[in-house]
Amino acid sequence: MSSDGRKPRIAVFKFASCDGCQLSLLDAEDELLAVAGAVEIAWFPEASRRMAKGPYDIALVEGSITTHHDAEAIQRIRRQAKTLVTIGACATAGGIQALRNWHDTAEWVRYVYAKPDFISTLKTSTPVAEHVPVDFELRGCPINKHQLIELISAMLAGRKPNIPTYSLCLECKRRGNTCVMVACGTPCLGPATQAGCGAICPSMQRGCYGCFGPMESANGPSLASQFRLLGCTREQVERAFRSYNGWAWPFRKVFEEAPKP
Amino acid sequence: MTPTESGPAVKPGINKIEVPVLARVEGEGELHIKTKGGRILDLKVSIPEPPRLFESFLRGRHFMEAPDITARICGICPIAYQMSAVHALERALGVSVPPSIRSLRRLFYCGEWIESHVLHIFFLHLPDFLGCQDAFEVAAKNAEAVRMALRLKKLGNEIVRVLGGREIHPVSACVGGFYRVPRKEELEALAPELEWALQASLEAVTLTASLEFPDFEQDYEFVALSHPGEYAMNEGRIVSNRGLDIDAAEFEEHIVEQHVKHSNALHSVMRERGSYMVGPLARFNLNYGQLTEQARRAAEQARLEPPVRNPFKSIVVRAVETVFACEEALRIIAAYEPPPVPRVEVKPREASGAAATEAPRGLLYHRYSVDADGLITGARIVPPTAQNLRRMEEDLWNYVPALLELDNEQIAWRAEQAIRNYDPCISCATHFLKVRRE
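Quick mapping for you: the protein sequence lines, in order, are chains W and P. What the first sequence shows, in the numbering used here, is residues 1 to 261, in sequence order. What the second sequence shows, in the numbering used here, is residues 1 to 438, in sequence order.
Hints were generated in silico from the structure; no laboratory data involved. Quantities reported herein were computed from a predicted structural model and do not represent experimental measurements. Please note that the accuracy of each hint is not assured.
Calculated pairs, DSSO-like style, for lysine-lysine (alpha carbon to alpha carbon, straight line, at most 30 Å) [said to hold, decoys possible]:
hint : chain 1 : residue 1 : chain 2 : residue 2
1    : P       : 34        : P       : 44
2    : W       : 7         : P       : 36
3    : W       : 123       : P       : 36
4    : P       : 34        : W       : 115
5    : W       : 173       : P       : 16
6    : P       : 36        : P       : 16
7    : W       : 115       : W       : 173
8    : P       : 141       : W       : 115
9    : W       : 160       : P       : 34
10   : P       : 154       : P       : 141
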């Protein structure tokens, strides 16, 4: 990546999230030491006390933007990062906490906290791409650690990462699963969801719940009408589409008109 | 906090020790210590982790979604959230599961305990004891120990993956049982590596027991689940060394959450008694007699006798619990017979119920109310780190004065080490919260 022979500098940042996506790097037990040897881990507080200032060659960003402070911080991070990659559903689509975007956040804060005045939060949880340009989005709640290693390797080698954008159904078929929707009538978001997890839910005889977010050109409305044919109520369909990636437009548009330009 | 922010100006005569980004903890934390003339004026572990408001958006969701949704509170201990959620909802809905499901849940938890404990011992805590900034520096000195740790951690993850499909936010656990249970051969395939892991975790006990520990003991109230027949993970009463002995349904009568301005997660305190400690030290001290044989022998060899009151020794206790989890996993696998059905049917009804289970870092309490359609109408979640926060600060108030001869960087580092004794999971503690900064 760097032409001057120095090791590329990697930084890992966190906003509103569960830590699981950055943990995926530490969960890559077979590759971790090799990755640590190939790069300079310049900013990764979850793993190291050593914290070096930017600029960084690669910034991996976990979490959604939910506070004024974080909305400013992501601007600074973008200025310091040559390549900015969002890791996971929170950073890429706003995460499960984006459910607030359809509700009264002030009431929600009052429900959780005795002293809501102490709490400073935005009314919305938004993906990083609504704030700054993003160079690559790694999907999943959580991301797949093999995809993360593939992405880092590709960036170090200066090639395009091999990360498919087709639907979960392809992975599911390749595993030899019987289709849970066709055979059992179980609502499954697989046909509209991007592959990457290995079709683990249908392999457990349950429907996909869409944690990798919409596939390229997903047809949410069509899948929603199929759910209705299977006997789901409108509320059930809404809950199915509004979860970990609910704020991603291809899932939102099942229930919403396109925003006016 | 990002690298370009700078701290506030310092008043004359006042020494400010600032750790703007707490490293090697899960989530975002800060430490502020103010001293003057060899005395602590102020000390705060504050938490800028943004609020996510889980308890609010759980309302209106179906109860079958609760284990998957609450797992997202914490990527480090998702199984803890899934287990507390399924138990609370099963208690609410009057469901009991067959013994083989119960055992599988225990095995699931063993996987998480191994993964989480090994991560904390070797990657988050050990570097402090060796004067290293991170595990990569430790690896430069002792590559074998770090490789052993990675292999152990991988095994913990593998148990979770076999049962749940993936390591983080696994997808198999549900109210009533599992969506799919493994075949016996799938579990038996884990046994050889578990045999190795048992030996490796015994080495981890020896290694951690040989570290140097600050001479620091505190008189804690230890709180953990306790079960008559086993080292408690999923079921039991909530007990303490000061006479607490309650069902999870009584938790909120005895434990109150205080919303403190400076610290950005709610602090839990025992009504009329104050702070308390949950986690490995509490479990070890309260349930020592129920540890498996090799775990107890390892503890004896490490000269750990309950009650262990030195929080720095929690690193050894985690290693002992890792030995326990390996032995327990082997026992469960050997005895496993798949249940007749992976899950029992659960019918919704208007009800509420509470349960607590033992997350790697301590007691995790969930309470839910559901309506006749199975939609959640109320939820309360009290994570272990919120319960430990008050106690963590008290440790610092008592520990830092002895350090004041040192320079600020050393004071900060030692104080951080004392915080890491608790393996704090700030993402959990703050699954809701952000308090305004000073």
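These are the hints, each one checked on the structure:
| no. | hint | verdict |
| --- | --- | --- |
| 1 | 34(P) <-> 44(P) | holds, 9 Å |
| 2 | 7(W) <-> 36(P) | violated, 43 Å |
| 3 | 123(W) <-> 36(P) | violated, 41 Å |
| 4 | 34(P) <-> 115(W) | holds, 26 Å |
| 5 | 173(W) <-> 16(P) | violated, 60 Å |
| 6 | 36(P) <-> 16(P) | holds, 9 Å |
| 7 | 115(W) <-> 173(W) | violated, 51 Å |
| 8 | 141(P) <-> 115(W) | violated, 49 Å |
| 9 | 160(W) <-> 34(P) | violated, 50 Å |
| 10 | 154(P) <-> 141(P) | holds, 22 Å |
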